[in-house]
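Protein chains: 2
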Amino acid sequence: MSIDYKKELEKASKTMILVHEPDTLIKMIVRMLVQKVKVSHANILLHNHIADSYIMKVSRGPLGLKVPEGFTRMDNDNALIRIFSEEKATLFSSDNTIVYPKAKKILDILVKNENSDLLRGALYQMEIFDAVACVPCYFQHDLLGILLLGSKKDGTEFEADEMQFFVALASDVGMAIRNAKLFKDLTDELDKRKALFKNITKALAAAIDAKDNYTGGHTDRVREVSQKVSDKLSQKYPDLIDDAFSEDLEIASVLHDIGKIGIPESILNKQGPLSPEEWNTMKEHTVIGEKILESIQELENCVKGVKYHHERYDGTGYPEGLKGAQIPLIAAIIAVADSYDAMVSDRPYRKGLPQEKAMDEIEKLAGKQFHPDVAVAMVELYREGKL
Amino acid sequence: MSIDYKKELEKASKTMILVHEPDTLIKMIVRMLVQKVKVSHANILLHNHIADSYIMKVSRGPLGLKVPEGFTRMDNDNALIRIFSEEKATLFSSDNTIVYPKAKKILDILVKNENSDLLRGALYQMEIFDAVACVPCYFQHDLLGILLLGSKKDGTEFEADEMQFFVALASDVGMAIRNAKLFKDLTDELDKRKALFKNITKALAAAIDAKDNYTGGHTDRVREVSQKVSDKLSQKYPDLIDDAFSEDLEIASVLHDIGKIGIPESILNKQGPLSPEEWNTMKEHTVIGEKILESIQELENCVKGVKYHHERYDGTGYPEGLKGAQIPLIAAIIAVADSYDAMVSDRPYRKGLPQEKAMDEIEKLAGKQFHPDVAVAMVELYREGKL
Numbered sequence: 003m004s005i006d007y008k009k010e011l012e013k014a015s016k017t018m019i020l021v022h023e024p025d026t027l028i029k030m031i032v033r034m035l036v037q038k039v040k041v042s043h044a045n046i047l048l049h050n051h052i053a054d055s056y057i058m059k060v061s062r063g064p065l066g067l068k069v070p071e072g073f074t075r076m077d078n079d080n081a082l083i084r085i086f087s088e089e090k091a092t093l094f095s096s097d098n099t100i101v102y103p104k105a106k107k108i109l110d111i112l113v114k115n116e117n118s119d120l121l122r123g124a125l126y127q128m129e130i131f132d133a134v135a136c137v138p139c140y141f142q143h144d145l146l147g148i149l150l151l152g153s154k155k156d157g158t159e160f161e162a163d164e165m166q167f168f169v170a171l172a173s174d175v176g177m178a179i180r181n182a183k184l185f186k187d188l189t190d191e192l193d194k195r196k197a198l199f200k201n202i203t204k205a206l207a208a209a210i211d212a213k214d215n216y217t218g219g220h221t222d223r224v225r226e227v228s229q230k231v232s233d234k235l236s237q238k239y240p241d242l243i244d245d246a247f248s249e250d251l252e253i254a255s256v257l258h259d260i261g262k263i264g265i266p267e268s269i270l271n272k273q274g275p276l277s278p279e280e281w282n283t284m285k286e287h288t289v290i291g292e293k294i295l296e297s298i299q300e301l302e303n304c305v306k307g308v309k310y311h312h313e314r315y316d317g318t319g320y321p322e323g324l325k326g327a328q329i330p331l332i333a334a335i336i337a338v339a340d341s342y343d344a345m346v347s348d349r350p351y352r353k354g355l356p357q358e359k360a361m362d363e364i365e366k367l368a369g370k371q372f373h374p375d376v377a378v379a380m381v382e383l384y385r386e387g388k389l
Numbered sequence: 003m004s005i006d007y008k009k010e011l012e013k014a015s016k017t018m019i020l021v022h023e024p025d026t027l028i029k030m031i032v033r034m035l036v037q038k039v040k041v042s043h044a045n046i047l048l049h050n051h052i053a054d055s056y057i058m059k060v061s062r063g064p065l066g067l068k069v070p071e072g073f074t075r076m077d078n079d080n081a082l083i084r085i086f087s088e089e090k091a092t093l094f095s096s097d098n099t100i101v102y103p104k105a106k107k108i109l110d111i112l113v114k115n116e117n118s119d120l121l122r123g124a125l126y127q128m129e130i131f132d133a134v135a136c137v138p139c140y141f142q143h144d145l146l147g148i149l150l151l152g153s154k155k156d157g158t159e160f161e162a163d164e165m166q167f168f169v170a171l172a173s174d175v176g177m178a179i180r181n182a183k184l185f186k187d188l189t190d191e192l193d194k195r196k197a198l199f200k201n202i203t204k205a206l207a208a209a210i211d212a213k214d215n216y217t218g219g220h221t222d223r224v225r226e227v228s229q230k231v232s233d234k235l236s237q238k239y240p241d242l243i244d245d246a247f248s249e250d251l252e253i254a255s256v257l258h259d260i261g262k263i264g265i266p267e268s269i270l271n272k273q274g275p276l277s278p279e280e281w282n283t284m285k286e287h288t289v290i291g292e293k294i295l296e297s298i299q300e301l302e303n304c305v306k307g308v309k310y311h312h313e314r315y316d317g318t319g320y321p322e323g324l325k326g327a328q329i330p331l332i333a334a335i336i337a338v339a340d341s342y343d344a345m346v347s348d349r350p351y352r353k354g355l356p357q358e359k360a361m362d363e364i365e366k367l368a369g370k371q372f373h374p375d376v377a378v379a380m381v382e383l384y385r386e387g388k389l
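Chains as they are written, first to last, in the working numbering: chain Y, 3 to 389; chain A, 3 to 389.
Honestly, I wouldn't trust all of these hints.
Stated by the list, open to error - Mimicking BS3-like on lysine-lysine, the simulated pairs with C-alpha atoms at most 25 angstroms apart in a straight line are: (1) K194(A) - K306(Y); (2) K272(Y) - K272(A); (3) K204(A) - K306(Y).
To be verified - Partner residues are not named here, just some residues of chain A that face chain Y (Cβ under 7 angstroms, in silico): (4) L188; (5) L206; (6) I294; (7) E300.
What the hints assert, rightly or not - Facing chain Y, from chain A, some residues (calculated, C-beta under 10 angstroms): (8) L120; (9) R122; (10) G123; (11) L125; (12) L192; (13) T203; (14) A212; (15) I253; (16) S297; (17) L301.
Since the hints were made in silico from the structure, they are not lab data.
Don't be surprised by glycine CBs; every beta carbon is placed ideally from N, CA and C.
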């Protein structure tokens, strides 16, 4: 081989450690082996925790030698696995690797016993995959995987310094695989937590929805429409609307009516119009929502959406009569989505408006009840058939 | 130096990449420099994103040279920072490092200009820290930090191969720091998510608590007592009670009365005894709680705690009349904690029992209303003054 092992190894291990997606990492390693080290083909057998066996993850090389991914699986009692997991290859080679021609010669002069049987079994496995050299990857003493290398393209045999390179590489591969797995476990756990949070808030909001006889599914629709409006507006407000804003909006839209939990059922479910006093009590759901959530520091922006989703652009809303730009954008978006859903939904005492009429209404109220840009975004969504 | 650079470097970078706590990592690197490489002292200047400057993270060596952690901070326009961040050290040394005696000699013969001023400033900074050699750590082209090394203990000067070792080491340090930071960001984010989840469930449960006029703070007390009972029981049930159980129990105890959201206020807040019909409606809060949460797959075990926290050991409870071991342990624990809090809390129509009397009651009901082991754990906690 014409490469400078040390340099190649350093470069490789540096790149490997940055790859946190185990599958991508494995593919990268095999590609490097075939391209840089110039072997005819290379495979990796990788330990799988769930199956508690070793699975051929990727293989590369001329089509005839390419083993389909996941096609081959070796159990813990397979000779090739055992010879490395029990670290018995050290009986036959000083560097704990197997190079086929050398090992074959050793086997020919060995007395038949348990260890020679193991070597024979391992060599038989190597024949199946047309592997000329096998190098184990450990993390501490756990066998994480085995590199299986085909013959060198230049036809020469593997030299001691080359095997030394592979052993060092395999050690880095072991570390990189472990690092990538740790990352993957963490990101998986994070995704699970995010989903759990989303699901529990949705479930609880839905339960509160269910108290309010008129509004079945209201919360979920407001969440959906709010997201669409926000996506639409993000072109106009690229500095305001980022991933964090979207996430806050999702939580706030789900929880916008959470304060209704503090409103007496007699008012919440009253058939017919509310008295002025009852109406004042009803309006308190905005500040009750704030109270419920205000101790949670991470929800600071969400709380604004919950508290101010009944403010109006012209200052005639509640609870504080904020005007124009004083109203946080997150609240302005929920306000339009909330009103839209109220307009088009049926109520016991009236039928919901057709979408077209609701849009006329929203257009008419832009700059009065609604933030003009938000109202425009809503109408555009409708015109584009996205609502 | 008597060490085998290559081996030491490989070993070091392998250990480094496994350390995911940046501060521990930095300490480890400095310790290694002083012990293995045998320099009088070593410091690391590390870039801090929030302060947008470089902070002396740790220093090690004889007391006189030890700089207190965080004591020194260098801004981006500091000469020592600029010479490396602008990669201008390459003007004076082929390997982009600064070795003081050599650099001093170069400075003496340089024409005074912008670059010689920069070198002069950098050397002045090195004098302050008694640093003989400076080696930058980059990730890609971002200057992550600078290693500052004191003089060699054997009194000789740094040789080219030693500097080569430090440059390679610094490159690994850069990678390890970045890897550790990524891990820390992920685990921080995960911790934040866990806290957020806990806080939102607590806030919503407290809001539901508030509906039920009698039970201010009830949910939070049930959570606390449940955890204590579970900790106590973990010695007896080491296979059943692990971290996952504890977490499920915490969620389930917080949400155990979530189904009350579906019970009419007229029943929930009725002054005086409930009629048999009203009582049947009240009992439904267990299955309503189940309905609210059952779609969330991750809460499968929590749902059991919510649904069955009114079952009794002798089979006379609700909703299903489960008996003995049929009742999930998570529910049996919440049942005792819930009853205990009801016993000792004041109600409008009666005063709460003294703790001692409540314990007599729980002991008496062990094996009847309560799981005997859970009841015993509760009483033991009280006797130990832990309740």
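Hint by hint, here is what the structure shows:
1. K194(A) - K306(Y): The given pair, whose Cα atoms are some 20 angstroms apart, holds under the 25 angstroms limit.
2. K272(Y) - K272(A): holds, 20 angstroms
3. K204(A) - K306(Y): Holds, at about 20 angstroms.
4. L188: holds, 5 angstroms
5. L206: L206(A) check passes; min Cβ-Cβ to chain Y is 5 angstroms, inside 7 angstroms.
6. I294: Because about 5 angstroms separates I294(A) from the closest Cβ in chain Y, which is inside the 7 angstroms limit, the hint holds.
7. E300: holds, 5 angstroms
8. L120: violated, 29 angstroms
9. R122: violated, 34 angstroms
10. G123: This interface hint is violated because 32 angstroms lies over the 10 angstroms limit.
11. L125: At 31 angstroms from the nearest chain Y Cβ, L125(A) fails the 10 angstroms test, so the hint is violated.
12. L192: Holds: closest Cβ of chain Y sits about 5 angstroms from L192(A), inside 10 angstroms.
13. T203: holds, 6 angstroms
14. A212: holds, 7 angstroms
15. I253: With Cβ-Cβ at 8 angstroms, under 10 angstroms, it holds.
16. S297: Interface hint status for S297(A): holds (7 angstroms vs cutoff 10 angstroms).
17. L301: This hint holds: L301(A) lies near chain Y, its Cβ roughly 8 angstroms from the closest one there, short of 10 angstroms.
Checked against the numbered hints given earlier, this structure breaks hints 8, 9, 10 and 11; the rest are met.
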